[in-house]
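Asks: Read off the chains here:
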Amino acid sequence: MSDHPIKDDVSGVDTTGHEWDGIRELNNPLPKWWIYTFYACIAWAAVYWVVMPAWPYFWDGAWHHTKGVIGYTQRNEVGNELKLVAAGRAEVMKQIAAMPLQDIVKNDNLMEVALAGGKAAFGDNCAPCHGSGAQGSKGFPNLNDDDWLWGGTLSDIETTVTHGIRWETDADTRENMMPRFLDDSILKSDEVNDVAEYVLSLSGHSTDAAAAGRGGAVFAKNCVACHGADGKGNQKLGAPNLTDQIWLYGGDKATVVETISHGRGGVMPAWGGRLAPATIKELVLYVHSLGGGQ
Amino acid sequence: MTNAAKRLEALAAEAANAASAGSVLHEDAEPAKAIDWQSHSPLYESRVKVYPKLVHGNYRRAKWLLMLVTLSIYYGTPWLRWNRGVGLPDQAVLLDFPNRRFYFFFIEIWPQEFYYITGLLILAALGLFLVTSVAGRAWCGYACPQTVWTDLFIHVERFFEGDRSARMRLDKGPWTLSKVLRKAAKHVSWLVIGMLTGGAWVFYFADAPTLASQFAHFDAPFMAYLFVGIFTLTTYSFGGIAREQVCIYMCPWPRIQGAMFDESTFLVSYKEDRGELRGPHKKGTSWEGRGDCIDCAQCVAACPMGIDIRNGMQMECIQCALCIDACDEIMDRVERPRGLIGYDTNDNQERRRRGEAERFNLIRPRTVVYSIVLLLVSGLMLVALINRPTTQLGVLRDRNPLYVVLSDGSIRNGYTVKIINRDNVARVFQVAVEGIDGAHLLTPTDASGAVDAEVGADTLKDFRFFVSVPRANLSALANGEAALRFVVTEKGKTDSTVGETTFRGPTQ
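Chains A and B, in that order, are what the protein sequence lines are.
Residue numbers for the first sequence follow the numbering used here, so the first one is 3 and each next one is one higher.
Residue numbers for the second sequence follow the numbering used here, so the first one is 3 and each next one is one higher.
Bound conformation, chain A alone (with noise of 0.2 Å):
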């Protein structure tokens, strides 16, 4: 029902002229600085469609956007405040690529900044096989022991994370085998059983001395070359320490027959060329420092 506006005696104020089964009702306008907000965000959104990314439409089988005038996007921010951070350090990584390891070690400011990057770059690289503490796993090394395979000096480390190891594409890579002593027919299984008390027994582990008696003959014969005499490896071969405490892939007897008898082979990749030289020497900074470090 319409009807005319009347005042409405009561309130004082004017009806809208709309009355339902007797009911009006009172014209009470929103606010005016309200209203003028409203239009103001009407304008705004307006103004955003064409300046801003804002509709999407399909369009030959594919979903697509409005681009906007300033082809603003988030990406491009992202990607803008990238590169601003990398401006930043780029004096400094500068200076870490140009200095040698031995002088970075004993520069405060430098080391401060190659080791927080060293463990940034490790979580993105290395973490997947290492552990992201760097603690390795069965047949990957934990790097903050003391144990070495191919050296924890400095150059030793940077060697290894450049080339990698059996990294077949990198013609530095280091390199070596672990014989497979059984399935090769090199070894008989009770030769095996006796060379792995034997080698157990050097770190104090054998439950069996007859046979451990009876592996030093088969050691001397076949795993000297590598191991050395004492059993204690060779770090320019790559032949770990049988002595001490620390099992690359396990010290119980079983393990330790498995690796004789089908050998063993882990790779590494080469992160020359894959990285910059400054984040690889922030890696081995960081790897350096870990606890492990000669």
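Rather than coming from a laboratory, the hints here were simulated on the basis of the structure.
Treat the hints with caution; some may be incorrect.
Claimed, not checked - Residues from chain B that face chain A, not an exhaustive set, calculated with beta carbons under 7 Å:
hint	residue
1	N402
2	P403
3	V406
4	L408
5	G411
6	S450
7	A452
8	F468
Claimed, not checked - Using 30 Å as the maximum straight-line C-alpha spacing, the simulated DSSO-like pairs for lysine-lysine come out as follows:
hint	chain 1	residue 1	chain 2	residue 2
9	A	K234	A	K223
10	A	K34	B	K51
11	B	K463	A	K96
12	A	K140	A	K223
13	A	K121	B	K463
14	A	K190	A	K234
15	A	K69	A	K85
16	A	K108	B	K35
17	A	K34	B	K188
18	B	K174	A	K9
19	B	K35	B	K174
20	A	K108	B	K493
21	A	K9	B	K35
22	A	K9	A	K34
23	B	K495	B	K284
24	A	K121	B	K51
25	B	K35	B	K284
26	B	K51	B	K174
27	B	K51	A	K9
28	A	K108	B	K495
Even for Gly, the Cβ is constructed at its ideal location relative to N, Cα and C.
The hints should help you fit chain B onto chain A, whose structure is shown.
Replies: Just chain B now, with coordinates in the frame of chain A:
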């Protein structure tokens, strides 16, 4: 319309008649009418503008003095200097967010000592409770920034537009050039005061002389301009535009205060027993059979909240006591004793009505309890402040890896030791471990672990340490865990600070 409001209007009409009869007491064209806040029941109500009239008297003088003192403290404090030593700020009161320090004269607060601020807030709250239980909303009436700045802004308004009646005339009148100029001058002055207020505020957060010179050269940090802008606008709108509405609608305190009053609290009150029956009085006529209140409504005209104190205690009343001065002025002129409106207690109102003698009861359970708690908290804070250590130690054990087995079978744990040096000079510390036999301290670069850990003046520094326990001593690790203590001693001193931690190895 409520009865009270009707009565008020009737009284006002009477007063108006009296005024037209030639009473010298009514300087205004029409008598002041109180805003009856309670009976304004609609959901939305336009503000009824309040035109407080200038009064003279002891309370007004006290308030001028308090305004001078509080504004001086506010504007002056950032300029006080305090020597703390080389490399540290020399501003007596400084909230240094970038360096995460609060300086307050000889006190320096680190973020982890924020409980001192909590303590201060507790003290402020308790102080407010105590004052309120003794003398009502004395804080609101005399010292609250809202009151002080509003008072200042009203004074500025009065300077440009005249007193109450002149202001009312001006607002009703047409927009003449004079009106435009007066209003413009007033608003500009308000904005300038607001800007100075914001300008002083930012000085608490940066070195005041440096920032002032930056402002002078227009190269201050953006944040400084932003906050000056915010404070300019808030001061202008709170002190100039919103005024009493801040107290009535925005501030929670008026709603809480009711719990702090009791019948012995001193409140600005109209002494009904003396004032009623009120009514206009002609000079020379008898005061017999009537009250002292001549219904001149000067108390209403003076009230910055626009209320009538004669309606009794009201939530809107900020206890500013200006109505006391207004009434005393009138009482002097009608040659009646002062104090028809004055500080009074509900208890005494009742006692006078019953014909008993007045009594003043300051020592009541609530004042005693508030005082005791106030003293306790102050004492606690003082003791904590005096015994505040200058060296503090935080030991974080590496969790990843939990422990490392070394080639000789010993177990090594890694720790980050944070040493806090709160002294104003750099200090060198020596670190040792104890608690496990054979435990050996080393650093990533030094196998002996005997490093001099130097911590700069007033800073915190992280140090990496390793602790290794030989295979022979691993039996000390019950369930793979043993308590370990880091002992940090300043070089050449004997006092040491101990940080508790644990050492972990494989569970057997």
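Asks: Hint numbers the structure violates, sorted upward?
Replies: The structure conflicts with hints 6, 7, 16, 23 and 24, although it agrees with all the remaining ones.
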